[in-house]
Structures are given as structure tokens and as C-alpha cells.
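Line order of the protein sequences matches chains A and B.
Mapping of the first sequence onto this note's numbering: residues 1 to 332, in sequence order.
Mapping of the second sequence onto this note's numbering: residues 1001 to 1677, in sequence order.
To be clear, the hints were calculated from the coordinates, so they are not data collected in a lab.
Note that the coordinates shown come from a computational prediction; the quantities given were computed from them, not determined experimentally.
Where is the CB? At the ideal position from N, CA and C, for every residue including glycine.
It is possible that part of the hints are untrue.
Ranges of calculated distance between the beta carbons of each label pair, as one might list FRET restraints [what the hints assert, rightly or not]:
| id | chain 1 | residue 1 | chain 2 | residue 2 | range |
| --- | --- | --- | --- | --- | --- |
| 1 | B | G1067 | A | A28 | 54 to 62 angstroms |
| 2 | B | W1075 | A | Q69 | 29 to 37 angstroms |
| 3 | B | A1489 | A | I250 | 37 to 45 angstroms |
| 4 | A | I250 | B | E1002 | 26 to 34 angstroms |
| 5 | A | T129 | B | R1025 | 32 to 40 angstroms |
| 6 | B | D1068 | A | R118 | 53 to 61 angstroms |
| 7 | B | S1490 | A | R255 | 32 to 40 angstroms |
| 8 | A | G140 | B | A1430 | 53 to 61 angstroms |
| 9 | B | R1025 | A | T166 | 27 to 35 angstroms |
| 10 | B | R1608 | A | I250 | 31 to 39 angstroms |
| 11 | B | R1025 | A | E15 | 22 to 30 angstroms |
| 12 | A | D294 | B | R1025 | 29 to 37 angstroms |
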Amino acid sequence: MKAFLAKEGLIPLLEALSQQMEIIAPLATESCAVFSSWRGQIMDLQNNPLAPPTEFLLPHREILFRYVQESGRYTFKEEEIPPRLLFAIRPCDLHAIALLDKIFGSQPIDQAYFRRRRATALVVLNCTTWGRECFCASLGAGPEARDPCDLQLTDIGDGYLCQAETPAGILILKAASDLLQPAKLEHDQEKARLLQMARETMPRDGSCQQMRQAMKRADWEDLGRECLGCGGCSFVCPVCHCFNIIDSGIPDGERLRCRDSCLLSGFSRLAGGANPRRTSGQRLKHWYQDKFEDIPKITGLPGCVGCGRCHLVCPAPINRADLKVESREAKG
Amino acid sequence: MEKIHTTCVYCGCGCGLFLHVEEGRIVGSSPSPGHPMSRGSLCIKGWLAGDFVGHPERLTHPLLRRGDRAVKATWDEALGLAAKKLKSIQRRFGPQSLGVLTSAKGTNEENYLLMKLARAGLGTNNVDHVARLCHAPTVAGLGSALGSGAMTGSISSLECSDAILVVGSNTTEQHPLVASYILRARSRGAKLIVADPRKTRLAELADLWLSPRSGTDVVWINSLLNVIVEQDLIDRQFIEERTAGFEETALSLREQTPDKAEEISGIARTDLARAAAIFGKAERAAIVYAMGVTQHAQGTDIVQALANLALATGNMGREGTGIYPLRGHQNVQGACDMGALPTVFSGYQPLSSPAVRAKFETAWGTALSAEPGLTALEMLWAAETGSLKGLIVVGENPALSYPDSFRVLKALKELELLLVCDIFPNETTALADVVLPAACFAEKEGTFTSTERRVQLIRKAVNPPGEARAEWEWICELMRLMGLQADYASPASIMAEMALLTPSYSGIAYERLGLAGLQWPCPSKDHPGTGILHVDCFSQGRARLRPVYYAQPPEIPDSDYPFILNTGRSLYHFHTGTMTRRTSLLDREIPAPFVDINPEDARILGLREGMRVMVETRRGRIAAEAHLVDRLPRGNLFLPIHFTEAPANALTCQSIDPVSKIAELKVSAARLERVMP
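Build the full structure now, drawing on both the sequences and the hints.
Shown next as C-alpha cells:
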């Protein structure tokens, strides 16, 4: 189903939807856009938030279940998962979700992930402009959404071209059917024109092939010396999905699944203390290798979606451009 | 899900971050791209800043000691008992028998109130906090040299330095976001000199690494300045127009030859010459330092030596120049600013000034003592001898964090009343008569002042657990019980009172503190705050250079104790580990105590990686795992301070710097032996 929604119709549409489910949208704050519960606050639809929306499917800290001990017997209780709508996520993040679906969907299926995933509707906003570190076009992850979602929006100036791709998407549009106008051919043409422009002007470096070449030449130990070990790149990566399980509380408590990072030495350290990835250079190399070698092998898709967030958070700063010189010293 | 913008609780960088809140729980955190200092980055501790908040071991009820048990009590019972005992001690032994250790982890408002409680409520100036063991020499040394004991520029100003001298700071681990600016300057082409006995990560990245013997800093810094003077790389105009004491200082330097420096500090004269050329010829040179400078029995002198260096080369008052002491706690700057020190009121207004005292007496409606109070360690010594009877400790864990733990524990046990307020049970709450559960940084409103003098808001994201309360609430209650007026509606109204009494904070008010906060001095409500100090003049007129002379550390290695023991922090833990050891990823990184030793020394002692060893000094002994690291020079040991099962401070000594009263924490003579399994 295709329709045109005038800009002034957006808020009424979200208001109608918020009666049915929690809406997560990019809200404007004094610092930056953040994905947060929308209750009528001002949104920032220009900038992609630094913390990716995947945290609503794979939370930083998730209660898998609570355990209660009574007379020596344990009982377990799972959390309720409320229905949610992720509004205005970007094609790169949608692509990351498609990857996570593949990874968590391989046997054995990760039930905790899919309980949230099934309860979440996805509304994508195509990118007619791009941020300073974006390179999604090189990896086929943007600027136009190509992965399955419920509803796709494109800002074509005075309104949005809405394309519902699933029954859930049609229901979302139906929540405010009186606000919709029929889509016209020129809407489609305008969408194609804007996205083509974005595609052509976006940086084209950082394709899987280019990155693999660069990784072969990179001086990892040299880069590793500058790495401050914050783990930020893995925490903002929408594809990174490593976690650790801890039990918090004795005798009653919670089993938590917490985000983890392969940039930390404890991640790969073995019980006896030996560590196959001892230096930060080795860990940095592993992180890149996972994205451009290992995940492609498993899923058939690059493990990087070109959102550029890892460059934005790096305090060192290390980014993909640094891989392309033999070492930073040589760069002078 | 809500995302609440707040300020990080760990180090003095003062990074902005969002706490992610769902159903009243903190479920994550992320950086703040719009923050003027952290600009969208965080260190690993910041990324995990909210993790300890909902930990099941949080203190949730006031506790009272009954015999050797701690029993639950109501707030009324706990505060009532505390007030009764405080009054009784005050009546029987006088106000000087009471003391308060405030918290560098608490807010400015809480520190101000505790300072007021001590001075106006208890009638004593025995008020101090952990700055005594970190940057007291900075407050004293830079205070007398420059007129202000705070960082002279903004952290971001380091980005435009041409040369940066980092002394005694493992910046990439302890202040990662400051290191980020240093690395940016370096990739711009700035020259980096790192002076540290250990080859830190930053030393590896530096153009020049100087590795002085621990405790010999005065020698090599003097000698460095001597070479700079001899080669005429000094800024004569700056010296003449803006400083005093140069001639006398330069004269004293003549004997500090590079040969002498090489002999005492171990730094090759050629390296010193290179350092002099880099630092002296730079258009904009900055000095960054931390605990490796201050935690010495000669701390104040080393700070002065660095100030001499910056002043003689005219590196002050401009972007990219200046002196950058890196403060450890997120609000240790603020706790000092609030006058949680025995000789000054808020804004470093001296107790000794009758006019200042009169101002506070009028504002607080009570007479105030002019007698300088005791410093932190002096209070514990007084407790040891029985002249201090009651101590309030807020958000501090002296039983583990103060030197010579054995003496500290003995002193704390001597007290008639030990009131401790904290967020987790720790080694000090275990000894307390009254334990009060505090709200942590995510559970209250207030302000922190970062190491670059940036006053920033913290915001309440979740409710405190159980009956825990924000400290300012119970401090007000205790003030009322002690007969003081304390009708503050909120932390903002405490700030308003403090600002009225404190010139450097006069212009600071909650409604002005947006994302960026305000850097003091901010003297009026329309003042934009001050990024760089000493631009046109020094507050005291001229900056003072002063000759400083090397004194041997109080304890040097001998045949019984052949190693120099150095103590410090790891990237993954913070201080006594009450928060980080309850953050699973951080605890996993460094789960157990270790001692670093040079591989060559280890070989001689027959030690291999991971073996259990006993580290012993004249004060005590602890067991830890040996880590063989070649970044540590021979003859040195390094021990982290985070572990209660291997308390580094069981080994350190209480020899103190005569000026700032800081203890010698970086040099103890130690020996090491293998523990047979």
C-alpha cells in the first residue's frame, strides 16, 4: 500500500498510534537526537542518533528472567514484552536488524531476541541527506531501505511518501487513514531523484573489498597503541551483538544479559589466564575481521552497515581511513 | 524508555552522558555528542556508568551498631542518635573533638552543607576530604604560585598545544578523554614528552620518554629549567611583566646541572637536552600532571617546580598553554571549591581573614572559629591519641584508601562516634556506629565541578533504593537537630546561598547550567564563565617563582627492602572498587589483585607470570598475583589500590608533605617473595 502523508499529518498519526503501543522515535535533546519514548516531544528527523535503535531488540542490560527461591525450590518468571513501534529508524539500522535476524535466527534460535523482535514494528525513514561519517552506500545498506520492514517513509519535501510492506504496516497507516492522500507518480519520481542524489554524493570508500585490502596492509599493533580500550565502537555498532550473562542477587534475583565487547581483554581471556587476543591491536583486528570476513561468511552480508558511528565515538580517534596507511607514523 | 542527560560519576574529566531508563531502572548509558568536552566519546567506565546503580548490595536502610552487629533503624533513630552523641562529645570534649570527612563523590551542594555543618553546627574547622591524598599539593602549590590551584585552561585547549609535557599521569588509563585531546594534538604534529618511571601507553606514543627514579622529580625538572635558562629559551618579557622571583630561582638552578640530574634521577643528559629543546622552543607548551607529581612527601615542591617551568617559558594564559592538573574524582575540584578544607571557606576564602569570617557569620547567623582545623590524616592521628572523638565520613572509604591501613583502622576503632554515609557496604561502614544509605549520582539532583572548573548538572534518573536518601536531605535534617536553620527546598537553593557567599561561583545558578555548564570564575549572572585563567593578569598580581630543592623520599630501598613500591589505579577500576567491582564487565577485566614487576627482577627471584607473591613493607604485607611487565623499570613494583583482599595501603606510609599534608604514596621500600602453594 502506498500513500502520501503531508508533514502536518505526522504528529496526528503518531498520536493515534501511541494509543496502541509505545512509540520510540528520535527525539531532539540539547545534546543530540536520541531514540526514546515519544509522548509528543519534538523530534529530530535530520540526524541519526548515536546510540542505535537495536538496543530495543537487544538491550544493553536485559532481564532474561527473575528467579525466586522458596523452600529450596526455584521458580522463574519471564518479563512481559510490551508492543513497540520503532519510528524513523534509518536504512542502515534496518539492514543491521536484518543481519541480527539472520544471526539470532540460526539454530538454536535466540528466543529472548525474537520475543522482542516479534513485538516490534519497524518504520524506516529513507535518507535523503547523510551525516558526516556515513558510507552506507558502499555496503549496500542505504540510503534507501531494501530490507523487510513494516512501513517505509521518504521525505519528499512537503510530506512523506509512505510504503506499507506488511499487514502491520497497513494497520499503522490505517490508524490515521483520513490524513492520507493517494500517492502519485511524481511522488515516486521525487523519491527516486532524492535518493539517487544522496547515493551519488555520499563517500564511496569503505566497501567490503576495499576494507579487506586495507586490513591486509594495516599495522594493527600501531593502531592498537592508540586504542583507548573504551569499547565504544562495539557499543554503538548496530550489528555488534555480543553479550555476557550474569546472575544478580542471591538467593533471589535476576538473570541478566548484558552487552559485551570483544575489544575488552576479558572477553577472550581463557580460564587459565592465557589470552589468544592479548594486545589491543589483536582485538582491534579481530573486530574488523569479524565485520568484513567472518559475518559475511556466515550470513552472506557484510557485518558493517556504514553508519559511521564507530568513527564518531572513538576517542583516539581511529577510523577506517587509518587502516589505509601503513601506520599513523608514516602519515606524519 | 527515557534518556536522561547527566555527568559521569568517575574521574575528573566530567564527561556528559545519557542514562537509559526503563521502568525505573537504569538499563544502559551512551555518550553525549553535544557535550563541549567529551564530544560523544566515553571511556569504558563511562559506558558502564549506570551498571552499579541497581546492584542488590546497595545500602537501603540506616544501620546502627549494637555490639558487633549492625541492626536496621529508621532515619529518625539514626539521625537522633548521631545528633545526641555529637552534642554530648561537643559538650564533654569541645568542638575540636569532632571532625567531618566530606565526599569528592558527593555534589557541590552536599559538600557546601557538610562544610557549613562542621563550621556552624559542630563549631570546628576539622573538615577535609580525599583531596588531601590527591591534589592538596596542587591547591597549595599552584595556589601560591599562580593565585589559583586549579587547571589553568580548558581540556580542549590541549588540542592546540605544540608541545605537551605529561608528568606522572597515566592519562590514557586514568583520564582517557584528556588523553584523547593529547592524541589529537599529537596527530596534528605536537611534540609529546612523557615523564613517568613506567613506560605507560602514552610514553610509548611519545616523542620522548623520560623515566626518572621515583621521587626525584624536583631534580630533573629543575635541571630541565636550568638548560632552558642557559639556552635562553625563556620568555623574558613574560617574566619581567608578569612574574616575581625569577632571578632568585634562576640562581638556585645553577647547581642543578644535567650531570647531577642524571646521577640522581637516572635521566640521561641528552634526553634532558632534547626535552629542553622541545619544550623551550614550542610556541604553545602545556604541562599535564597527576598523582605521580602530587603523591609525594615533596608534592608541593614538585608542583612549584612545574609552575616555575611554565612561568619562565611564558606558557600561561593562552590557548594551548598552561598547567593541567588532572583531578581524580568527578567532584574533587568541587569539594575543594566548596571549602571542604580545614583552612578555607568556599571559593578558597581564607579562614584567617576577619572580613571573610564576618561575612559567613552574618550569613549563617552564628559565631565561627578562626582556629585552623585538622587535615584528614591529622584527624585520624588525633583519633588515635584520643583527642578526636566523633567523625562523620561521607562517601569515602578511608579504611581502604588512606595510607597505612593498620593505623587507620586502629584510629577509626578508637572513635566514640563514627557516622558513615555511603552507597555500598565497605571497609569503613563495617566499623561505623551509624551507617546512612546514600542516593548515588543517578538518583539525585546537584552539580559536579570537573577538573577544568566546569560546573555541571547531574539529574535524577531513578529513585534511590529502599530508604536511601540524597545526602543533602539528611545533612539538612542533622543540621536542624544540631540547632542550625536548614530550610533548603532543593539543591538549587543550596547553590543559590553558596553563590551569594562565593565570588568565583557568584554567577552560577541552576537555570544557567545547560548542556555545557559554566566554568568558574563566573563572577556575575551575565558572565559567560572562564575557559582560560590568567589571560591578562594573575589574581595576586604577579605569579611567583620560587626555588625548590630536592629532598630524598622518606623511605628509600635498602638491602632489607630492595624495591621501590609505587601504587596507583587501573583503567578498569576506580579507587576502592565499591562501584567498579560491582560492574560485571569491569570486574571481569581485572578480577584480582596483582603486582607488576620487571621480568628481569622476576627471573632473579624465580617468579613466573601469575605466581602468587607476598609484597611486604615495614608496615604490612599482602598477597597478590605477579604480573611480569617490561614497561616497569627494574627495581620497581606497582600495586593497584582497588582491592580489599590485598589493600595496597596496608603497605604505604604516612610520611607527609609539610605544606600540603599529603602522604608519600608513590615511594615505599618493599620486598617480595613467592608464596609457596
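Evaluation of the provided hints:
| no. | hint | result |
| --- | --- | --- |
| 1 | G1067/B - A28/A: 54 to 62 angstroms | holds, 58 angstroms |
| 2 | W1075/B - Q69/A: 29 to 37 angstroms | holds, 31 angstroms |
| 3 | A1489/B - I250/A: 37 to 45 angstroms | holds, 40 angstroms |
| 4 | I250/A - E1002/B: 26 to 34 angstroms | holds, 30 angstroms |
| 5 | T129/A - R1025/B: 32 to 40 angstroms | holds, 36 angstroms |
| 6 | D1068/B - R118/A: 53 to 61 angstroms | holds, 55 angstroms |
| 7 | S1490/B - R255/A: 32 to 40 angstroms | holds, 39 angstroms |
| 8 | G140/A - A1430/B: 53 to 61 angstroms | holds, 59 angstroms |
| 9 | R1025/B - T166/A: 27 to 35 angstroms | holds, 32 angstroms |
| 10 | R1608/B - I250/A: 31 to 39 angstroms | holds, 35 angstroms |
| 11 | R1025/B - E15/A: 22 to 30 angstroms | holds, 27 angstroms |
| 12 | D294/A - R1025/B: 29 to 37 angstroms | holds, 34 angstroms |
Every hint from the earlier list agrees with this structure, and none is contradicted.
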